[in-house]
Amino acid sequence: MTNIILPELGEGITQATMACWHVQIGDYLQEGQEVCEVVTDKASFVIDAPCAGRLKSIVIAEDREAQVGSVLGTIE
Amino acid sequence: MIVEDWGLIDYSLAYERQKKYVQSVITSAEDHLIFCEHPAVLTLGRQTRPDSLLYDRLTIEARGVVVREVDRGGDVTLHAPGQLVVYPIFNLNNRKRDLKMYMARLEQVAVDLLKDFGILAISISGQRGVFVGDDKIISIGVGVRQWVTYHGLGINVNTDLSLFDLIKPCGLNVRMTSMQKYKGHAVPLSDVKAKAVELFRKYEINGPTQGRPLL
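Protein sequence lines, in the order shown, are assigned to chains A and B. Taking numbering that gives the first Met the number 0, the leading residue of the first sequence gets 0, the next gets one more, and so forth. Taking numbering that gives the first Met the number 0, the leading residue of the second sequence gets 0, the next gets one more, and so forth.
Keep in mind the hints are simulated off the structure, nothing from the lab. Heads up, some of the hints might be wrong.
With a Cα cut of at most 25 Å, we get these calculated SDA-like pairs of lysine to any residue [stated by the list, open to error]: (1) B/K18 x A/D47; (2) B/K18 x A/C50; (3) B/K182 x B/R144; (4) B/K19 x A/E33; (5) B/K19 x B/K192; (6) B/K95 x A/E33; (7) B/K99 x B/E29; (8) B/K95 x A/G52; (9) B/K192 x B/D4.
Since the structure is predicted, the reported quantities are computational estimates derived from the model, not experimental observations.
Isolated chain A, as found in the complex (with noise of 0.2 Å):
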């Protein structure tokens, strides 16, 4: 399994919120497919597949805060 991670956006930004899923559950990704949006400080920063397979969870929904560094969903 492996998680997609918010990465670190700036110095100074701890976290972010997530502003959508392109994807749902159970989709089937490519590696580098675009999955997700956060939006910090009226930037929105566009989160890729780390690797290719099925989503098997959303850890963070739509409209929830993320920290930087955590976990936002998995692809197994």
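The hints should help you fit chain B onto chain A, whose structure is shown.
Quick look at chain B alone, frame taken from chain A:
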């Protein structure tokens, strides 16, 4: 950095073109600085609040304004002829990967741009965009994919400000203003573009250009 002027272009068409450019820059094309204007359109960013539109969509569209949901940060904003839209498509992998720094530099470019036209503007902590007194003059909202930026600045040069009555700009209870309103006369967009290019180069906001040009 390659500078392009797309002129007056439909928002959706410009958006699709931006996405293609982003993909090209991701795969090593040179950074691009795009200028354009859009026919009247309200764009709803990812942080748009339900009460930011002050009228229903039918009423808005009856005034000739299209409504589009978009993948940028921020709330609702308006684009219309006379507003200079700037889309920096920059590869931040060549610089510091820092959204806050990038946004701050965009604001600095905006403030210095206005200063060159004799307009004293400021950025306000926690409220992205640039203000003259209490009035907002430039809106900022960006998207980033694989550390390549898109969307950008809406500079109200000679915009019809009455269209902003349709919305709470950026979800704020602010009035919008323009360079034209402040100066008391229309300002040539070509002058604003030229100064913007100079400032983007000065601040090296895009970082070194190491890639190949877009074809």
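For each hint, the structure was consulted:
no.	hint	in the structure
1	B/K18 x A/D47	15 Å, holds
2	B/K18 x A/C50	22 Å, holds
3	B/K182 x B/R144	38 Å, violated
4	B/K19 x A/E33	15 Å, holds
5	B/K19 x B/K192	23 Å, holds
6	B/K95 x A/E33	22 Å, holds
7	B/K99 x B/E29	23 Å, holds
8	B/K95 x A/G52	31 Å, violated
9	B/K192 x B/D4	9 Å, holds
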